[in-house]
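**Student:** Listed below are the residues making up each chain.
There are 2 protein chains.
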Amino acid sequence: MVKRKELHDKKVSEKTIEKGLLIVHTGTGKGKSTAAFGMAMRAIAHGQNVGIVQFIKGPWHSGERDVLNKFPDQVQIHAVGEGFTWETQDRERDIEVTRQGWETAKKLIADPSVRLVILDELNIALRYDYLPLEEVLEILNARPDDCHVVVTGRNAKPELIEAADLATEMTLLKHPFRAGVKAQAGIEY
Amino acid sequence: MVKRKELHDKKVSEKTIEKGLLIVHTGTGKGKSTAAFGMAMRAIAHGQNVGIVQFIKGPWHSGERDVLNKFPDQVQIHAVGEGFTWETQDRERDIEVTRQGWETAKKLIADPSVRLVILDELNIALRYDYLPLEEVLEILNARPDDCHVVVTGRNAKPELIEAADLATEMTLLKHPFRAGVKAQAGIEY
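For the protein sequence lines, the chains are A and B, in the order given.
Heads up, the first sequence is in our numbering, so the first residue is 1 and it goes up one at a time.
Heads up, the second sequence is in our numbering, so the first residue is 1 and it goes up one at a time.
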């Protein structure tokens, strides 16, 4: 075990580039948004400012928001469309509110005071072609050196994974709904 | 989209069993401990008490601890062996401190005031046979109905996944260390 740890430390110490990372959480499993929320809390603990755009209502529930709202000086949360849940079946309106969210995301990425930008469920917006992939990639690739961006959502575009520094796929191995268990506070929301 | 949402709501409303879930985060990718940390924060926001046993020093860094320590009335964190990092090459001592951690875990699971128990990196302890799998499974399977248990760590035992209600595998698709980027505050720790 010692050897492996030493090798790891050596590997880490040799890495000298500091840059803003593009991180993607994708896959059909749980934990994509919760891990991003955990990263937000960790950044807050380091005294950093965090910007969050939620491109779908849902994955970030009251529990997360309640905690994040305890740090109003460090966290901005922007929900795309008030109560927007992709249920309107009005594609034009959906595209319009998604665009508004994306414009907010661009401002957060460009803001030198914001160190971590979380674009929650952006992958869904890209999947439904509510935003042009080329434009999104261009902005993400041109992010400032001191701005980390986390993109979540299933079905991440291959081009986005290609552009990412760190990409993780969360795969469902088992889900309690299959076993007849209802959603519970603190676990599902 | 409407139909799918309605089906989902129907599916959820039909699920009437409320039980403590056994949740496993495994795989070689990132996010296993961070998602568990996010769940802890969410439980705290719901006013629930959380117990955490860290079976390895490392995945839970100062950032997480700083945040959790802001809620001393709701969170207990127990690290197995002070500064224990699996580097002692003293198998007997390792087994001894792992056992102490497991005894703490059992108390947390049995404590009716604790709603969420996180056994961080327990999978590693099981992998190295520092704890008997049968005993661990027995306790986890006998958890109270109102206690959720989250187990993290790569190489989860198949028997543990079998026992779990929800199991997610985090798979590394890309890692920044490969691209020569050093670990950074708020992202790696």
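Watch out, some of these pointers could steer you wrong.
Which copy is meant is left open, so a pair is good if it fits within one copy or across any two.
With a straight-line cut-off of 30 Å between C-alpha atoms, the simulated DSSO-like cross-links for lysine-lysine are [claimed, not checked]:
(1) K157 / K70
(2) K174 / K107
(3) K174 / K157
(4) K106 / K174
(5) K70 / K106
(6) K19 / K174
(7) K174 / K70
No wet-lab data here; the hints were simulated from the structure.
**Student:** It remains to establish, for every hint, whether it holds in the given structure.
**Tutor:** Status of the hints after comparison with the structure:
1. K157 / K70: neither (34 Å within a copy, 38 Å between copies)
2. K174 / K107: For K174 and K107, only the inter-copy Cα distance (27 Å) is at most 30 Å; the intra-copy one is 39 Å.
3. K174 / K157: both (25 Å within a copy, 14 Å between copies)
4. K106 / K174: Result: close only across copies, 24 Å inter versus 37 Å intra.
5. K70 / K106: within (25 Å within a copy, 32 Å between copies)
6. K19 / K174: between (36 Å within a copy, 16 Å between copies)
7. K174 / K70: neither (33 Å within a copy, 33 Å between copies)
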